[in-house]
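Protein chains: 2
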Amino acid sequence: MIEDKNPQRTPIEQLGEFGLIDHLTRNFEIGQASTVKAIGDDAAVIHHEKQTVITTDMLVEGVHFDLSYVPLKHLGYKAVMVNLSDVYAMNAVASQVTVSIAVSSRFPVEALDELYDGIQLACKNYQVDLIGGDTTSSNSGLIISITAIGEQKEKEIVYRNGASDGDLLVVSGDIGAAYLGLQILEREKQVFKANPNNQPDIEAYSYLIERQLKPEARKDIPKLLEDLEVKPTSMIDLSDGLSSEIIHLCKNSKVGMKVYEDKIPLDPTVISACEEFNLDSTTVALSGGEDYELLFTVKQEDFPKIKANPSLSIIGHVVPEGEGIHLITRGGEQIAVKAMGWNSFESE
Amino acid sequence: MIEDKNPQRTPIEQLGEFGLIDHLTRNFEIGQASTVKAIGDDAAVIHHEKQTVITTDMLVEGVHFDLSYVPLKHLGYKAVMVNLSDVYAMNAVASQVTVSIAVSSRFPVEALDELYDGIQLACKNYQVDLIGGDTTSSNSGLIISITAIGEQKEKEIVYRNGASDGDLLVVSGDIGAAYLGLQILEREKQVFKANPNNQPDIEAYSYLIERQLKPEARKDIPKLLEDLEVKPTSMIDLSDGLSSEIIHLCKNSKVGMKVYEDKIPLDPTVISACEEFNLDSTTVALSGGEDYELLFTVKQEDFPKIKANPSLSIIGHVVPEGEGIHLITRGGEQIAVKAMGWNSFESE
Numbered sequence: 001m002i003e004d005k006n007p008q009r010t011p012i013e014q015l016g017e018f019g020l021i022d023h024l025t026r027n028f029e030i031g032q033a034s035t036v037k038a039i040g041d042d043a044a045v046i047h048h049e050k051q052t053v054i055t056t057d058m059l060v061e062g063v064h065f066d067l068s069y070v071p072l073k074h075l076g077y078k079a080v081m082v083n084l085s086d087v088y089a090m091n092a093v094a095s096q097v098t099v100s101i102a103v104s105s106r107f108p109v110e111a112l113d114e115l116y117d118g119i120q121l122a123c124k125n126y127q128v129d130l131i132g133g134d135t136t137s138s139n140s141g142l143i144i145s146i147t148a149i150g151e152q153k154e155k156e157i158v159y160r161n162g163a164s165d166g167d168l169l170v171v172s173g174d175i176g177a178a179y180l181g182l183q184i185l186e187r188e189k190q191v192f193k194a195n196p197n198n199q200p201d202i203e204a205y206s207y208l209i210e211r212q213l214k215p216e217a218r219k220d221i222p223k224l225l226e227d228l229e230v231k232p233t234s235m236i237d238l239s240d241g242l243s244s245e246i247i248h249l250c251k252n253s254k255v256g257m258k259v260y261e262d263k264i265p266l267d268p269t270v271i272s273a274c275e276e277f278n279l280d281s282t283t284v285a286l287s288g289g290e291d292y293e294l295l296f297t298v299k300q301e302d303f304p305k306i307k308a309n310p311s312l313s314i315i316g317h318v319v320p321e322g323e324g325i326h327l328i329t330r331g332g333e334q335i336a337v338k339a340m341g342w343n344s345f346e347s348e
Numbered sequence: 001m002i003e004d005k006n007p008q009r010t011p012i013e014q015l016g017e018f019g020l021i022d023h024l025t026r027n028f029e030i031g032q033a034s035t036v037k038a039i040g041d042d043a044a045v046i047h048h049e050k051q052t053v054i055t056t057d058m059l060v061e062g063v064h065f066d067l068s069y070v071p072l073k074h075l076g077y078k079a080v081m082v083n084l085s086d087v088y089a090m091n092a093v094a095s096q097v098t099v100s101i102a103v104s105s106r107f108p109v110e111a112l113d114e115l116y117d118g119i120q121l122a123c124k125n126y127q128v129d130l131i132g133g134d135t136t137s138s139n140s141g142l143i144i145s146i147t148a149i150g151e152q153k154e155k156e157i158v159y160r161n162g163a164s165d166g167d168l169l170v171v172s173g174d175i176g177a178a179y180l181g182l183q184i185l186e187r188e189k190q191v192f193k194a195n196p197n198n199q200p201d202i203e204a205y206s207y208l209i210e211r212q213l214k215p216e217a218r219k220d221i222p223k224l225l226e227d228l229e230v231k232p233t234s235m236i237d238l239s240d241g242l243s244s245e246i247i248h249l250c251k252n253s254k255v256g257m258k259v260y261e262d263k264i265p266l267d268p269t270v271i272s273a274c275e276e277f278n279l280d281s282t283t284v285a286l287s288g289g290e291d292y293e294l295l296f297t298v299k300q301e302d303f304p305k306i307k308a309n310p311s312l313s314i315i316g317h318v319v320p321e322g323e324g325i326h327l328i329t330r331g332g333e334q335i336a337v338k339a340m341g342w343n344s345f346e347s348e
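First to last, the sequence lines map onto chains D and X. By full-length UniProt numbering, the letter at position 93 of the first sequence is numbered 93, and the numbering carries on one by one without gaps. By full-length UniProt numbering, the letter at position 6 of the second sequence is numbered 6, and the numbering carries on one by one without gaps.
To be clear, the hints were calculated from the coordinates, so they are not data collected in a lab. This structure is a prediction, so every number in the text was calculated from the model and none was measured. Virtual Cβ for every residue (Gly too), placed ideally from N, Cα, C. Any given hint could be a false lead.
To be verified - When the alpha-carbon atoms are kept at most 20 Å apart in a straight line, the in silico PhoX-like pairs for lysine-lysine are as follows:
{"no.": "1", "chain 1": "D", "residue 1": "Lys223", "chain 2": "D", "residue 2": "Lys338"}
{"no.": "2", "chain 1": "D", "residue 1": "Lys124", "chain 2": "D", "residue 2": "Lys231"}
{"no.": "3", "chain 1": "D", "residue 1": "Lys153", "chain 2": "X", "residue 2": "Lys50"}
{"no.": "4", "chain 1": "D", "residue 1": "Lys153", "chain 2": "D", "residue 2": "Lys214"}
{"no.": "5", "chain 1": "D", "residue 1": "Lys50", "chain 2": "X", "residue 2": "Lys254"}
{"no.": "6", "chain 1": "D", "residue 1": "Lys338", "chain 2": "D", "residue 2": "Lys155"}
{"no.": "7", "chain 1": "D", "residue 1": "Lys219", "chain 2": "D", "residue 2": "Lys124"}
{"no.": "8", "chain 1": "X", "residue 1": "Lys50", "chain 2": "D", "residue 2": "Lys50"}
{"no.": "9", "chain 1": "D", "residue 1": "Lys223", "chain 2": "D", "residue 2": "Lys155"}
What the hints assert, rightly or not - Some chain X residues close to chain D (C-beta under 7 Å, calculated; not the full set):
{"no.": "10", "residue": "Val87"}
{"no.": "11", "residue": "Glu156"}
{"no.": "12", "residue": "Pro304"}
{"no.": "13", "residue": "Ile306"}
{"no.": "14", "residue": "Lys307"}
Please take these sequences and the hints and turn them into a complete structure.
Dropping the structure here:
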């Protein structure tokens, strides 16, 4: 790890709260027609012709991220992704975000610049406007609270509660990689602690690490579904782990589910890393979390429209509620699916 | 101070994150026609016919509040008020809030119940729906991040930038009390530390303490102005102190201001407490902050409509930008107004 021996460290107090907001947001551009007024008044003003979707997430240092291996720019990018992912899970188009941070004085302005570089890149890549936020001091560490706003026609919004018997269960992309990326970063942290001169060899894991550090929300999926003329009957994003999200869909829709182990899409590097870490790849896929893929159900009649799509995998189907939620293993066994996702309040 | 010797303490881990959200929000009712979907999906959905205003604020334990004298129920109430005040400062009607908290395990569920009781009371009194949020653990203390959402017709929204030469400067209610309330609470904390058996005698200060602990956002003012057929030319809420907010209005509107010391509305208890604390009441009014009154400018021709209103005080008038921002003292002296408001990044 190359260290800058003379990094510039401007104390936040030098700018003050308003100076800091001005400084951090000076390069952000407004591109959305629906943004009437962004930063600079008591509140932002937007004008949506359709319905407005709003979601919010808080990321806490030491709970959701570890700055010893998460670069601040990536953190800013990811914090926006986590929120946009929820907007896309409503089948909506993201349009605006607000970003609030509480930060201790151990962070110089230059560190916050990096964080906001990542936020700005996310806003640019996903075409959302930064329209507001709050900046305050904290007694310990960094807390990021983001609210994402999107827009969609009433009849196109997809909730968690529309799945019904016979629907197909579909997931975008592949899963489990973000969790393994975290395992690798944690391992390298321990190696570095033991021997700071050790050069980490993480090239083989670059996909896994990228999925952990710089996930991409699936903005393309609502667009793809629109092009395919498929409206999901229910949808959710994969933040806490596949099993936990399947249970959410089932509970909200009052249905059961059969999920086929051999259909769960895994990247080859996930399989090899699981071997290396002596982990079961299905368990990783079910419980890992942070994949930010979309999980949704579609009517059986839509099968021909999605079956050949490389971005989508059909991994199961809906059954009546009384039949429960089960994983069908490669050996044909039925195992009840339990929530095993991540919970920030769980003691380790 | 009466202590419950056997308070119930349910650890948060016992409920888990989703259980906790369900528990804390179980008694909240949805009353706004514009709320399509509240808590329970990837995002909330709202449908505003008019423009949407959005504002967000973060409150950090040890920075914005001290739990040794702020009851959690009051804190929840105030956290909502702080945000609604910004919505009213846009001349809009508040309709929804999202509430995110990060909380350390030293807080039992019962403490969060109190916090949410205050949030619920605020939602009920101000007719806003709780539509979302996030609940996570923190390594230290309590952080509350609230986003408030409101609605208003495009032509009724009031920004900070519309003041022009000759406009009258108006403030609602009276100011300085919240700051003095804080001084009294801080003093009682020191007294209690020195002698825990001392019974505080704070009845004489009840107005000041209530203004600090349980402020009310001025929902009534946009309504009053509508009834009076007055549209402010610019408006801001008083969170950081009168001088700082006057400067914001002037900077945004590119104007100067003359403010008259003898016109600043002070409650009699503010004057007596200032004498007791050996503070200058004008300085307290200018720099105190947390009054959550509305400060706005109106056209001179609206003077007859507002002059006799007991909720409104005309405290100055707009002058050209080049003339600067001045306080005209009781003695007729002109003093340049400088920002002296509260800044969370300032070292004490």
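Against the structure, the hints come out as follows:
1. D:Lys223 x D:Lys338: Distance of about 32 Å is beyond 20 Å: violated.
2. D:Lys124 x D:Lys231: 27 Å, violated
3. D:Lys153 x X:Lys50: Holds - the C-alpha atoms of X:Lys50 and D:Lys153 are around 16 Å apart, at most 20 Å.
4. D:Lys153 x D:Lys214: The hint is violated at about 30 Å.
5. D:Lys50 x X:Lys254: 35 Å, violated
6. D:Lys338 x D:Lys155: 32 Å, violated
7. D:Lys219 x D:Lys124: Roughly 13 Å between the alpha carbons, so the hint for D:Lys219 and D:Lys124 holds.
8. X:Lys50 x D:Lys50: Measuring from Cα to Cα gives roughly 11 Å; hence the hint holds.
9. D:Lys223 x D:Lys155: Holds, because 15 Å separates the two Cα atoms, which is no more than 20 Å.
10. Val87: Holds, because the Cβ-Cβ distance from X:Val87 to chain D comes to roughly 6 Å (cut-off 7 Å).
11. Glu156: This interface hint is violated because 11 Å lies over the 7 Å limit.
12. Pro304: It is violated, given that the least Cβ distance between X:Pro304 and chain D is near 27 Å, above 7 Å.
13. Ile306: Hint on X:Ile306: violated, closest Cβ of chain D at ~21 Å, above 7 Å.
14. Lys307: 26 Å, violated
Hint violations for this structure: numbers 1, 2, 4, 5, 6, 11, 12, 13 and 14, all remaining hints satisfied.
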